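Chains as they are written, first to last, in numbering that gives the first Met the number 0: chain Z, 0 to 306; chain L, 0 to 306; chain W, 0 to 306; chain V, 0 to 306.
Note that these hints are calculated values from the structure, not bench results.
Mixed in with the good hints there might be a few duds.
Copies of the same chain look alike in the list, so a pair counts if it fits in one copy or across any two.
[Said to hold, decoys possible] Think about it this way: if two alpha-carbon atoms lie no more than 30 Å apart in a straight line, the pair counts; the simulated DSS-like pairs of lysine-lysine are:
#1 K176 <-> K151
#2 K300 <-> K231
#3 K176 <-> K231
#4 K187 <-> K151
#5 K187 <-> K300
#6 K303 <-> K187
#7 K176 <-> K303
#8 K231 <-> K303
#9 K187 <-> K176
#10 K231 <-> K187
#11 K70 <-> K300
#12 K151 <-> K300
Fair warning: this is a prediction, and the values are worked out from it, not measured in the lab.
Number of protein chains: 4
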Amino acid sequence: MSALTTAARGVFVIAVTPFHPDGRIDIESCDRMVDFYLETGATGLTVLGMMGEAPKLTISESCDVVARILKRVGGRVPVVVGVSAPGFAQIDTLTRAVMDLGAAGVMVAPPGSLRTDDQIVNYYTQVADTLGEVPFVLQDFPLVTGVQMSPKVIARIVNDLPTCVCLKHEDWPGLEKISVLRAEGMLKRPLSILCGNGGLFLPEEMGRGADGAMTGFAYPEMMVQVVDLYSKDDMTRAQDIFDAYLPLARFEQQPGLGLAIRKYTLARRGVIAHDSLRRPGAPLTERTRAEVDQLIARQEKRLKELN
Amino acid sequence: MSALTTAARGVFVIAVTPFHPDGRIDIESCDRMVDFYLETGATGLTVLGMMGEAPKLTISESCDVVARILKRVGGRVPVVVGVSAPGFAQIDTLTRAVMDLGAAGVMVAPPGSLRTDDQIVNYYTQVADTLGEVPFVLQDFPLVTGVQMSPKVIARIVNDLPTCVCLKHEDWPGLEKISVLRAEGMLKRPLSILCGNGGLFLPEEMGRGADGAMTGFAYPEMMVQVVDLYSKDDMTRAQDIFDAYLPLARFEQQPGLGLAIRKYTLARRGVIAHDSLRRPGAPLTERTRAEVDQLIARQEKRLKELN
Amino acid sequence: MSALTTAARGVFVIAVTPFHPDGRIDIESCDRMVDFYLETGATGLTVLGMMGEAPKLTISESCDVVARILKRVGGRVPVVVGVSAPGFAQIDTLTRAVMDLGAAGVMVAPPGSLRTDDQIVNYYTQVADTLGEVPFVLQDFPLVTGVQMSPKVIARIVNDLPTCVCLKHEDWPGLEKISVLRAEGMLKRPLSILCGNGGLFLPEEMGRGADGAMTGFAYPEMMVQVVDLYSKDDMTRAQDIFDAYLPLARFEQQPGLGLAIRKYTLARRGVIAHDSLRRPGAPLTERTRAEVDQLIARQEKRLKELN
Amino acid sequence: MSALTTAARGVFVIAVTPFHPDGRIDIESCDRMVDFYLETGATGLTVLGMMGEAPKLTISESCDVVARILKRVGGRVPVVVGVSAPGFAQIDTLTRAVMDLGAAGVMVAPPGSLRTDDQIVNYYTQVADTLGEVPFVLQDFPLVTGVQMSPKVIARIVNDLPTCVCLKHEDWPGLEKISVLRAEGMLKRPLSILCGNGGLFLPEEMGRGADGAMTGFAYPEMMVQVVDLYSKDDMTRAQDIFDAYLPLARFEQQPGLGLAIRKYTLARRGVIAHDSLRRPGAPLTERTRAEVDQLIARQEKRLKELN
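Only chain Z is shown next, with the shape it has when bound in the complex (with noise of 0.2 Å):
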């Protein structure tokens, strides 16, 4: 597979990680997961990311999902592989796995500890130096890591750095950083820029010049055809489509809780044997299930209408 450049575009999806109920990893819904996400219009996947539960796999379960899901995409499009680790020993050893099983790049969130915009440079220098010609996804996600970075600092990064191709922009809110980085002068080199979020402002995304998205709402195919119709200037179309899985996508969207629905959707849909999260996470209650039920049933009918 070739590498990851900042030509990216279209919607990387971040990739759930099947289990068993027991807890095993569940490595023949890895198949069908690819597959229906390359059938949905997926033009790359990212794994191993947050919400692949990447920090509760071992090192070696880590390289056999990775190996499946790459075996199974068979070129047809670049996968990511997330890498964040509180060390660069631990960086380093996963990324010249992944990458010799035919990752096109990989991803690195910061670790909570950094704060300023030299402490946030310098981590970046170093992942890189470490990464060495290895493409980079920088992501960007304060809700969750706790680390703010300014667009003065991404642009830092990505004029010094040339393997850092692709932002991950995750913001909340995020749409002016992307408009400032946009902006004539701010950066020295082309940049893909995919947004996270679970879709939850991809119109807007798209009119502030965003590439595309890369996460991870279980109706994949929205996002696909938000991204298209944008690309094709069709935006009433486009938010449309996206009003009407907007329900849905907002009840995803709950931090910690969202990866459990994201995964009962996916299992109703068929696509994953169990809608099963490694230990620690919590199975959902029945009431929580009949909600994403009634919310299916409406969207159903919603996208009815549309047609």
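Dock chains L, W and V against chain Z, hints included.
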């Protein structure tokens, strides 16, 4: 005005504090705002909340705003006043002042330093002791305060302190919290649960047993209708209405930025004279205003389709 | 009293706020405390700091305390007043009041929400704008505020804002920060650097280029002697004195608990009438008092050996 | 080696991890370090703690270090291994590996996301379930983890989970916590309490009922003597010894910087070959080294006076 009780229900709108562009309080807009909120069906008002820019006011300004609003309300609905402060002396002073002016009760958020269950319970025990007979609203808003209260802790506070009559429920995710608090045996006496988060989960919150909302979307009529339709068991219509407003509600719920969007919308609707925030607080960019305008246009179109 | 300038040096003692056991301000003890601090050689006082329980006072109480202290000081040394508050209106009101009473300047800590370099610089730019000609002390205390200011950020503030005359240096570790700020070319104008952290690193701080201390150990004479001996190049004697007081200084520097220990010691020395803290703030246990008593006994013995 | 039990006492030194200047593990220095720690009187060792730069090691490096240290120790004292990790799979894998190698038990710090009492208890219940029969040390270090455990929560964990045999007590302030835990009726079975914080409160901790220390000052002989003298009721001599080392202990206890100071001192004493930290981790400046040198010279002089 009679005191706030555990029977509080409906929609307590979190009032904004109107400013002139130069930062002075726009006291005239207070009247128009009160009229607007009551006309839309608010069953109560909450002033000097976080979204009321309370920390930016001096104590004498706070009293001026409360006095004007209470005068205009004229006892038609109960008015709750936010009195959160770093020290009990400040809480005490402001509480005495606003209760003398005719407030129905006060609201207290926890200081960010609280961590353990006992620390939280002890804090509210001291709050209740400071307030004496004044009824208070317990504000549970972890995203902003950083304080996480388990249902057990809330139950201890409610069961131990009879003047705690209402929970401003604003955890995210928070639906299970409502279910747990409403479960048999958890609370030993009635408690009003009014929900926040800009109404973004209002249908599900009502379904879980909430009594209404205490939050501040620029279209309070949405919340009034949703609460009303739920009380009439017309859930489908409630969700239709909710869904129509959701794209804007989602947009207004962006942390930090949301208040500027809310004020812009209220000014656009003619409720307040200016959309100014007091410093610190940047004005919206042209781009953001255009996004809001478009969301409102689509919202109006969708509402027409529903009628 | 003349205004605070970049020439501030020596020991600005952070004054406690004395209370009666029932929580009322003990205004009489203020006089005795002022006399004590000046007799021990303080070159300035700082009132309403974090260790002055400032957030527990109402605005009128704050003014009463400042007025009484300023009257007793009678212009003999400059008095700095802490005016940190969530909003500029509050900062402005308290600043006007205390400057009218004769304060020499004010001190402002950053609100905990600040993260990026630009956010911090913008905040202090607005502070300086609010204060007008009033000279101010920049308080850099990450352990408590959560705000990390790099030397570069401090330099930007100092170089841009001529009314920022003094840094209350309280980072931990913070010695390199002094060295970097004192390096050629970093600051474009003079700056007084007075150190905090209870004097726990005072010898090394003086060696790095600090001008003295602005903190509140119950034996200010230690800090006065250390600063004085350093200015006379008698480092050995300075460190001998420092070491003799270190066991108690270390004990007093326990977060949260430290102020109670300081007040107990000051009451034991006859400086203030009671060791009471205003709520919230628990009294010391018997055991802790006994530990303090024993540390003081050993300290006195050691000081005798040194003479 | 027999398993760690509630009878653990004395000084469990937190071992550093020695590196070559190029970042490779300096496996030869491990032997000399083990010899040194045991010669100074350590009754146990704790490896891969926070101060052992554990998060910077890959899993295979971690196992190599533990294997080498265990081999050199040769069963003379129990060795505890830090296994804190974001997920249970990682904890499980490392635990199995090090117990097979001959470790006496493991140590687990809580993840920073834990807030409420129940969350903390649930986490350790899952930890104990994951560990099976392996005895573990509960690490209570709020300054670094951000997790605050009340004595009540610690008691719940200890009383419910028989494999929790030891508390690494590192709260600050934390003396009252020891007293409360040692109070009649609080704990229903024995618990070893070993204290951290670089030994900075060791005399008072012993006086409150601690069983010793589990921390890492570069002069472990200080801690060994203090614990020993306390057990012989010679408090005066214990405090004399403590006071002599306090200036350096205080200097070594600077967050972040402390480990570099400790390694510099250990290298200076000939214990490890290099004072290198693995990235990220800056070397000491010349100035800091000079400060340490001077503190050591003064310490040696003072110790001579005491003999």
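Cross-check of the supplied hints:
no. : hint          : result
1   : K176 <-> K151 : both (10 Å within a copy, 23 Å between copies)
2   : K300 <-> K231 : both (26 Å within a copy, 23 Å between copies)
3   : K176 <-> K231 : within (24 Å within a copy, 44 Å between copies)
4   : K187 <-> K151 : both (12 Å within a copy, 24 Å between copies)
5   : K187 <-> K300 : neither (47 Å within a copy, 42 Å between copies)
6   : K303 <-> K187 : neither (45 Å within a copy, 47 Å between copies)
7   : K176 <-> K303 : neither (35 Å within a copy, 34 Å between copies)
8   : K231 <-> K303 : both (22 Å within a copy, 28 Å between copies)
9   : K187 <-> K176 : within (16 Å within a copy, 32 Å between copies)
10  : K231 <-> K187 : within (27 Å within a copy, 54 Å between copies)
11  : K70 <-> K300  : neither (37 Å within a copy, 48 Å between copies)
12  : K151 <-> K300 : neither (45 Å within a copy, 39 Å between copies)
In this structure, the hints that do not hold are numbers 5, 6, 7, 11 and 12, in rising order.
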